[in-house]
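There are 2 protein chains.
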Amino acid sequence: MNRKKGNLFIVSAPSGTGKTTLCRQLIGELPDIGHSVSYTTRSPRPGEVNDRDYTFVDEGEFRKMIEEDEFVEWAKVHGNLYGTSRRRLEEMMGKGLDVLLDVDTQGARHLRMSWENGVYIFLLPPSLDVLRTRLKGRMSDSPEEIDLRMMRSVQEIGEYKNYDYVIVNAVLDEALTELKAVVIAERVRTKRVNPEWIRSAMV
Amino acid sequence: MNRKKGNLFIVSAPSGTGKTTLCRQLIGELPDIGHSVSYTTRSPRPGEVNDRDYTFVDEGEFRKMIEEDEFVEWAKVHGNLYGTSRRRLEEMMGKGLDVLLDVDTQGARHLRMSWENGVYIFLLPPSLDVLRTRLKGRMSDSPEEIDLRMMRSVQEIGEYKNYDYVIVNAVLDEALTELKAVVIAERVRTKRVNPEWIRSAMV
Chain P
342 MNRKKGNLFI
352 VSAPSGTGKT
362 TLCRQLIGEL
372 PDIGHSVSYT
382 TRSPRPGEVN
392 DRDYTFVDEG
402 EFRKMIEEDE
412 FVEWAKVHGN
422 LYGTSRRRLE
432 EMMGKGLDVL
442 LDVDTQGARH
452 LRMSWENGVY
462 IFLLPPSLDV
472 LRTRLKGRMS
482 DSPEEIDLRM
492 MRSVQEIGEY
502 KNYDYVIVNA
512 VLDEALTELK
522 AVVIAERVRT
532 KRVNPEWIRS
542 AMV
Chain B
342 MNRKKGNLFI
352 VSAPSGTGKT
362 TLCRQLIGEL
372 PDIGHSVSYT
382 TRSPRPGEVN
392 DRDYTFVDEG
402 EFRKMIEEDE
412 FVEWAKVHGN
422 LYGTSRRRLE
432 EMMGKGLDVL
442 LDVDTQGARH
452 LRMSWENGVY
462 IFLLPPSLDV
472 LRTRLKGRMS
482 DSPEEIDLRM
492 MRSVQEIGEY
502 KNYDYVIVNA
512 VLDEALTELK
522 AVVIAERVRT
532 KRVNPEWIRS
542 AMV
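These protein sequence lines are chains P and B, in that order. The first sequence begins at 342 in the numbering used here and counts up by one. The second sequence begins at 342 in the numbering used here and counts up by one.
If you're looking for bench data, these hints aren't it; they were derived computationally from the structure. Do not take every clue at face value.
The list makes no distinction among identical chains, and a pair is therefore deemed to hold if it is satisfied within one copy or across any two copies.
Said to hold, decoys possible - No more than 25 Å apart at the CA atoms, straight line, and that leaves these computed lysine to any residue pairs for SDA-like:
#1 LYS360 to LYS521
#2 LYS532 to SER455
#3 LYS436 to LEU469
#4 LYS532 to VAL398
#5 LYS345 to PRO467
#6 LYS502 to ASN535
#7 LYS521 to ASN458
Please read these numbers as outputs of a predicted model, since none were measured by experiment.
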């Protein structure tokens, strides 16, 4: 094993940047990296499978997990609670698997306190105009909601400097190449490489 | 332009690791990265072209350039002098081009003092046995020279911890993928991205 243990990659992006698509493609194309299934209090959408898309729990259970410090980060988004399980993360990383977490800027800020060794990646839309067009294209939000999301996006973008990498999702293939490059490069970062592995090769 | 200016990538490796092949392939496959032609006092080998492979100068000229601080690093290797021109580096980087420098561990140590923003990459052979076999396969060195190179390699390998990345060249394609990933990832590192470029996109 060339790694000490699995690495944690944290991706944040304003809503509409294409984060979900990019993360899914990355996990499909690279070996040894996975997604940690989050817990949520919201109801499953049609087609969603428990323990695959999310682990669906009621608010009581979720609150109990918060109290027992079972989340490395959690957040309330549009009235629903979402959280990342510490146990699931540590299990994957202990096996040497990398984990890709997709959290908002607030979640990333919390994670940075306990996971300073994580790799923090910020995705940007090519422009605010494009972002607005993409949000409108979803046709799921009212004009007021879109305005609210846009305001939130501008605030979030201001935080890009707190991230290690900033990737602009103008052309999906290019952004994916960059995201993959970040994962591959971080795997050969000297501080993440297992010195035992180097010593054993040097005979 | 998304970059502030070109980045400097420094590659060191024990002799026989396959550094030259890897660097040449990298430059062939990635845009906007080039090699800065070094100065040397050794004689051209058959097929070598002045100002393409090296700029060939006599020792007097080389010494004068040292005195005038025209090298960012220089070294004596097997009785010949080799140096990297400060002017050539700055010209390429000023145009926003990345530069790949291929220097020994001593040269890298000198560079680190003035180019702390450089990206330092160490290439390792898969094992010392493989290294010895590769050196023998060249059939250009005597057994004594091979022993000397091996001793030097072991010393150099001990310095890998001073580099940002460590790549093992066991399978050429994999090592090339990792080297390319390092260049692509470093280009989207937040500290290297031009904030003006992000601001101009956010309208």
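Hint check:
In this assembly of identical chains, LYS360 and LYS521 lie within 25 Å of each other by CA distance both inside one copy and across copies; the values are 13 Å within and 23 Å between. Within a single copy, LYS532 and SER455 get their C-alpha atoms as close as 18 Å, and across copies as close as 22 Å, so both meet the 25 Å cut-off. In this homomeric assembly, LYS436 and LEU469 never come within 25 Å of each other (Cα to Cα): the closest approach is 40 Å inside a single copy and 29 Å across copies. In this assembly of identical chains, the alpha carbons of LYS532 and VAL398 never lie at most 25 Å apart, being 38 Å within a copy and 40 Å across copies at closest.
For the identical chains of this complex, LYS345 and PRO467 are inter-copy neighbours only, at 18 Å across copies versus 36 Å inside a copy, given an alpha-carbon limit of 25 Å. In this assembly of identical chains, the alpha carbons of LYS502 and ASN535 lie at most 25 Å apart only when taken from different copies (11 Å versus 29 Å within one copy). Taking the closest pair of Cα atoms, LYS521 and ASN458 come within 25 Å of each other both inside a single copy (18 Å) and across two copies (23 Å).
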